[in-house]
Amino acid sequence: MRAEFTVNGAKRLLDVNPNETLLQVLRNGGFTEVKSGCQEGECGACLVLLEGKPVNSCQVLAMSVGKKRITTVKGIGSLHAPHILQKTFARMGADQCGFCSPGMVVAAYSLLKKNPKPTREEIASALDGNLCRCTGYVKIVDAVARAAEELAKEGGEPHV
Amino acid sequence: MSKYVNTSVEKVDGLALVTGEEYYTNDFTFDGMLHISVLHSPYPYAVIEEIDDSGAKAMEGVVEVLSFKNVREILYTTAGQGYPEPSPYDTVLFGKVMRFVGDNVCAVAAETKEIADLALKKIKVRYKQLKPLLDFEASEGSPTIVHDKDGSFPKIPVFHDPAKNIAAKVEADIGQFDNALEHSEHRLDHTFYVPYASHCAMEPHGAVSYLDRRGRLVIISATQVPFHVRRIVSAVAEIPVSKIRVIKPRIGGGFGGKQEVLLEPIVALVTWRTKRPAKLVYSRKEVFVSTRTRHQYRTRFRAGFNRDGSIEALHLDALENSGAYGSHALTVLANAGSKTLPLLNKIPNLRFTGKGVYTNLPVGGAYRGYGATESYFGYGQVIDMICEETHNDIVEYYKKWSIKSGETSPIFRALGEGKEGVAMNVTSTSLNECLDLGARLSGWYEKRKQYAHSAASEERFRRGIGMAALMQGSAIPEIDMASAYMKMNDDGSFNLLVGATDLGTGSDTVLAQIASEVLDTPVEKIIVTSSDTDHTPFDKGAYASSTTYLSGHAVKKCAEEIKRQILVVGADILELPVGELEIEDGRVVKKNPGRNEEVPAVSLAEICQSSLYQKRQAQIQATASHVSPKSPPPFAAHFVEVEVDTATGVIKLLNYVATVDCGTPINPTLAEGQAQGAIVNGISYALFEDYHFSPQGILLNDTFGKYGMLTACDIPPITVKLVASYEESGPFGAKSVSEININGALPAIANAFHHATGKRLFRAPFTPEYVLSVLEGKKERRSPK
Numbered sequence: 027m028r029a030e031f032t033v034n035g036a037k038r039l040l041d042v043n044p045n046e047t048l049l050q051v052l053r054n055g056g057f058t059e060v061k062s063g064c065q066e067g068e069c070g071a072c073l074v075l076l077e078g079k080p081v082n083s084c085q086v087l088a089m090s091v092g093k094k095r096i097t098t099v100k101g102i103g104s105l106h107a108p109h110i111l112q113k114t115f116a117r118m119g120a121d122q123c124g125f126c127s128p129g130m131v132v133a134a135y136s137l138l139k140k141n142p143k144p145t146r147e148e149i150a151s152a153l154d155g156n157l158c159r160c161t162g163y164v165k166i167v168d169a170v171a172r173a174a175e176e177l178a179k180e181g182g183e184p185h186v
Numbered sequence: 008m009s010k011y012v013n014t015s016v017e018k019v020d021g022l023a024l025v026t027g028e029e030y031y032t033n034d035f036t037f038d039g040m041l042h043i044s045v046l047h048s049p050y051p052y053a054v055i056e057e058i059d060d061s062g063a064k065a066m067e068g069v070v071e072v073l074s075f076k077n078v079r080e081i082l083y084t085t086a087g088q089g090y091p092e093p094s095p096y097d098t099v100l101f102g103k104v105m106r107f108v109g110d111n112v113c114a115v116a117a118e119t120k121e122i123a124d125l126a127l128k129k130i131k132v133r134y135k136q137l138k139p140l141l142d143f144e145a146s147e148g149s150p151t152i153v154h155d156k157d158g159s160f161p162k163i164p165v166f167h168d169p170a171k172n173i174a175a176k177v178e179a180d181i182g183q184f185d186n187a188l189e190h191s192e193h194r195l196d197h198t199f200y201v202p203y204a205s206h207c208a209m210e211p212h213g214a215v216s217y218l219d220r221r222g223r224l225v226i227i228s229a230t231q232v233p234f235h236v237r238r239i240v241s242a243v244a245e246i247p248v249s250k251i252r253v254i255k256p257r258i259g260g261g262f263g264g265k266q267e268v269l270l271e272p273i274v275a276l277v278t279w280r281t282k283r284p285a286k287l288v289y290s291r292k293e294v295f296v297s298t299r300t301r302h303q304y305r306t307r308f309r310a311g312f313n314r315d316g317s318i319e320a321l322h323l324d325a326l327e328n329s330g331a332y333g334s335h336a337l338t339v340l341a342n343a344g345s346k347t348l349p350l351l352n353k354i355p356n357l358r359f360t361g362k363g364v365y366t367n368l369p370v371g372g373a374y375r376g377y378g379a380t381e382s383y384f385g386y387g388q389v390i391d392m393i394c395e396e397t398h399n400d401i402v403e404y405y406k407k408w409s410i411k412s413g414e415t416s417p418i419f420r421a422l423g424e425g426k427e428g429v430a431m432n433v434t435s436t437s438l439n440e441c442l443d444l445g446a447r448l449s450g451w452y453e454k455r456k457q458y459a460h461s462a463a464s465e466e467r468f469r470r471g472i473g474m475a476a477l478m479q480g481s482a483i484p485e486i487d488m489a490s491a492y493m494k495m496n497d498d499g500s501f502n503l504l505v506g507a508t509d510l511g512t513g514s515d516t517v518l519a520q521i522a523s524e525v526l527d528t529p530v531e532k533i534i535v536t537s538s539d540t541d542h543t544p545f546d547k548g549a550y551a552s553s554t555t556y557l558s559g560h561a562v563k564k565c566a567e568e569i570k571r572q573i574l575v576v577g578a579d580i581l582e583l584p585v586g587e588l589e590i591e592d593g594r595v596v597k598k599n600p601g602r603n604e605e606v607p608a609v610s611l612a613e614i615c616q617s618s619l620y621q622k623r624q625a626q627i628q629a630t631a632s633h634v635s636p637k638s639p640p641p642f643a644a645h646f647v648e649v650e651v652d653t654a655t656g657v658i659k660l661l662n663y664v665a666t667v668d669c670g671t672p673i674n675p676t677l678a679e680g681q682a683q684g685a686i687v688n689g690i691s692y693a694l695f696e697d698y699h700f701s702p703q704g705i706l707l708n709d710t711f712g713k714y715g716m717l718t719a720c721d722i723p724p725i726t727v728k729l730v731a732s733y734e735e736s737g738p739f740g741a742k743s744v745s746e747i748n749i750n751g752a753l754p755a756i757a758n759a760f761h762h763a764t765g766k767r768l769f770r771a772p773f774t775p776e777y778v779l780s781v782l783e784g785k786k787e788r789r790s791p792k
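First to last, the protein sequences are chains A and B.
Start counting the first sequence at 27; every next residue gets the next number (the numbering used here).
Start counting the second sequence at 8; every next residue gets the next number (the numbering used here).
These are computed hints drawn from the structure, not numbers from a lab.
One thing to keep in mind: the hints can contain errors.
For lysine-lysine, the following DSS-like pairs were computed, each having C-alpha atoms within a straight-line distance of at most 30 Å [what the hints assert, rightly or not]:
#1 A:K143 - B:K659
#2 A:K100 - B:K532
#3 B:K120 - A:K37
Some chain B residues close to chain A (C-beta under 7 Å, calculated; not the full set) [stated by the list, open to error]:
#4 V19
#5 I254
#6 P256
#7 G259
#8 G680
#9 G684
#10 P775
We treat Cβ as the ideally placed atom computed from N, Cα and C, and that holds for glycine.
Based on the sequences and whatever the hints tell you, model everything.
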């Protein structure tokens with residue numbers, strides 16, 4: 027069957043079975059930027075925003091989403107119009123293999139929205155549900171901290 | 008002055024990665040694609056007496072079932088190494104004998120993944136269970152023989168004795184060890200254990216295949232070794248190499264775990280037989296159990312040394328749990344010796360003995376560090392013990408006794424990879440500068456004094472500082488080859504085609520920077536295409552710390568030939584001798600022009616246009632290959648400050664400083680990232696990571712949650728400083744950086760723990776339970792003699 031979902035601001039009809047997770051439905055619907063790392067809610071690679079709140083999409087039944095707004099990493103910024111977070115991630119080497127990056131960016135974006143001037147501890151805490159084996163997290167935390175500074179300079183707060 | 012190397016340019020794929028644009032293997036989907044699920048053995052050792060797949064085949068949507076009933080049992084090794092591989096041929100794709108919980112029984116291809124999973128439940132398998140061998144220390148000569156007359160054999164002339172469960176054996180003897188030990192003033196003898204570990208690359212293993220419009224098989228795979236995949240799939244699936252194309256898209260980390268050819272033959276067979284696209288992506292549990300792991304190791308060190316600390320004799324005896332198959336068994340074992348023993352190269356009497364033994368447990372393989380991690384745990388502590396007993400400061404000790412530029416170690420020749428090694432001199436090292444800088448940044452001397460009484464105190468929280476010095480290698484000398492192809496485009500840009508495999512390390516970027524430097528052309532004008540066996544020239548793949556050093560050298564040679572051709576065309580246009588010309592900022596210009604002379608110049612775009620359309624018409628293009636005559640070691644010094652909670656057994660890391668000599672860092676940000684990632688993986692392995700098995704050989708902690716790798720909240724302050732040296736044999740002075748820094752955490756934390764408590768850790772991981780047992784002075788189950 028098909029159901030309507032609101033993804034990155036646009037309404038989309040996606041194939042869905044009653045037992046499928048939001049992760050499966052999004053990926054089958056072409057939103058491959060949402061990554062599947064464990065399907066057990068433990069790695070954060072599939073993190074999306076649901077009504078602005080971060081959730082592991084592998085832990086959400088797609089049919090329960092209803093009209094709630096879904097934001098993937100592409101809803102935060104795109105290749106042609108990247109968000110400051112994405113720019114700092116790329117510039118500062120916070121991306122190695124990049125598989126955790128979409129989830130990391132979503133988690134960081136969600137943090138900065140609530141807390142535009144986080145400490146390093148607050149950044150680390152916000153990323154606690156997102157695993158990364160490549161970077162040792164050092165440059166990821168650096169990049170989020172820098173993005174917060176740059177956003178503050180611009181006087182803008184992130185919003186979707 | 009370099010412009011494009013030793014510069015932190017942004018990764019060429021950086022923005023595409025962080026905006027989710029890039030495709031990984033599982034992101035590829037094709038019309039009519041079949042989904043594959045694999046049935047794994049529930050028993051550690053069993054013979055399949057019968058497989059009844061009729062129930063599965065009767066299900067609507069099931070298209071193909073693969074098992075020994077319809078797939079020929081061809082012996083091979085899953086290790087993606089150079090050919091002939093040094094790993095024994097002891098594996099078949101689907102066999103009758105199951106050798107560990109997680110071994111392949113059969114595979115089902117169906118219209119959907121749900122159907123494939125359901126179909127697995129309809130397959131009835133009758134097993135005859137055999138008594139499993141689950142203790143690697145009891146393996147040699149055990150009545151349980153893991154490869155019992157199964158025809159397994161070594162592909163190269165090396166020792167392999169499956170009747171005694173020996174997968175690999177390596178020995179080297181230099182000087183007169185026994186005699187020297189006997190005559191030493193002091194002696195020590197200690198045994199250390201490191202556990203299994205999973206690579207935990209965030210992307211699970213996966214492969215997708217389809218037939219192209221001319222009927223050739225295309226495999227898209229999360230692999231570190233696309234050319235080895237093509238060769239091995241050809242052999243195992245019995246499809247000619249000419250009919251196979253392997254593409255590596257973006258890959259979500261590897262760390263050695265994807266240097267194995269596991270899933271590709273399965274998708275290949277399904278597509279070849281059904282003519283339909285097929286996808287197989289492992290679940291996280293399957294990655295933990297059925298792919299490859301870090302080998303479990305026991306290392307025993309015996310040393311004889313003098314009052315001044317000079318070591319007369321050192322013997323490292325390594326016992327490796329190869330698991331059910333001998334993938335990388337021999338070479339990881341050899342590296343356990345060859346990447347540690349040359350560090351203190353003035354020890355006159357050295358012995359290395361090592362065996363890799365079969366068990367009915369998950370299979371070891373390549374894992375960042377590759378034997379060095381396993382042996383530095385003991386090596387680094389033994390040096391600390393010797394320094395303590397002889398009242399030497401360990402930092403000064405390493406400065407005095409470590410291998411210097413212009414020096415060699417007999418181990419380089421004695422321990423190769425399946426054959427004799429390559430004698431070489433070290434020609435670049437900044438280890439002493441690393442040691443000094445690390446000591447300064449970590450407050451080494453102050454803290455050694457400050458915490459000197461920790462061990463004797465009664466305080467609950469006790470602090471200490473410890474360190475370890477390290478080396479690794481850069482590529483496998485006189486074995487592995489890398490190559491590159493370049494051509495020039497109308498606008499002065501270049502296509503750079505490399506077989507080299509960027510697994511997230513940033514090697515596409517690093518290789519582009521090397522070409523940029525030769526051609527004095529911005530990185531954005533180097534268009535990199537990598538890892539496609541149809542379109543890129545051969546490269547051994549991403550392993551053995553070799554891409555920057557070896558593939559980078561091939562790129563440099565290739566770009567130099569392009570430059571030569573450009574200058575010839577430029578000389579023609581400018582009517583000047585080639586020798587007077589240079590490339591500068593995207594133009595060919597006259598070198599050293601007169602003061603008031605207008606500099607003769609022609610742009611690279613004009614040069615290419617001329618060569619394509621006007622004069623001396625020819626495509627400016629070149630290829631180059633490179634094999635290294637040596638494997639120059641990178642060096643590092645790691646310093647760790649800890650606080651031990653003697654009530655709970657928790658070791659808290661307060662500070663971690665690593666100073667690293669990787670020669671010239673082609674991209675310092677990426678090199679730092681390699682070090683930081685390896686350090687955190689090393690800390691995680693030292694403190695938490697382990698495989699817990701049930702008495703039936705079932706892995707119990709097969710999820711991220713139960714396995715417990717570090718998260719952002721767990722990491723201590725980490726300082727990484729690159730201390731450049733210049734390696735003449737590397738591209739622009741570069742050596743490797745990817746593996747070495749995973750080796751430091753185990754010995755440095757253990758030494759810091761000793762400084763804090765006076766006790767030694769002989770077993771990793773340093774869980775609170777184990778730490779408490781050590782603090783309480785409980786005897787080891789297998790205490791060192």
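Proposed proximity, B:K659 with A:K143 (alpha carbon, max 30 Å): OK: A:K143 and B:K659 at ~27 Å, within 30 Å.
Interface hint outcome for B:G684 [beta carbon to chain A under 7 Å]: Given a least distance of 5 Å, the restraint on B:G684 holds.
Hint validity - B:G680 Cβ closer than 7 Å to any chain A Cβ: Interface hint status for B:G680: holds (5 Å vs cutoff 7 Å).
Given pair status - A:K37, B:K120, alpha carbons within 30 Å: holds (27 Å)
Cut-off 7 Å, beta-carbon criterion: hint that B:P256 touches chain A: violated (11 Å)
Status of the hint placing B:V19 at chain A (closest C-beta pair under 7 Å): Cβ of B:V19 sits 10 Å from chain A, so the hint is violated.
Interface hint compliance - B:G259 to chain A, C-beta minimum distance less than 7 Å: It holds, given that the least Cβ distance between B:G259 and chain A is near 3 Å, below 7 Å.
Hint consistency between A:K100 and B:K532 [alpha-carbon to alpha-carbon, up to 30 Å]: Holds, at roughly 27 Å.
Minimum beta-carbon distance criterion (7 Å), B:I254 to chain A: Constraint on B:I254 not satisfied, violated at 16 Å.
Agreement of hint B:P775 with chain A interface, Cβ distance less than 7 Å: Violated - the Cβ of B:P775 stays beyond 7 Å from chain A, reaching only about 20 Å at its closest.
Comparing the model with each earlier hint shows violations of hints 4, 5, 6 and 10; every other hint is respected.
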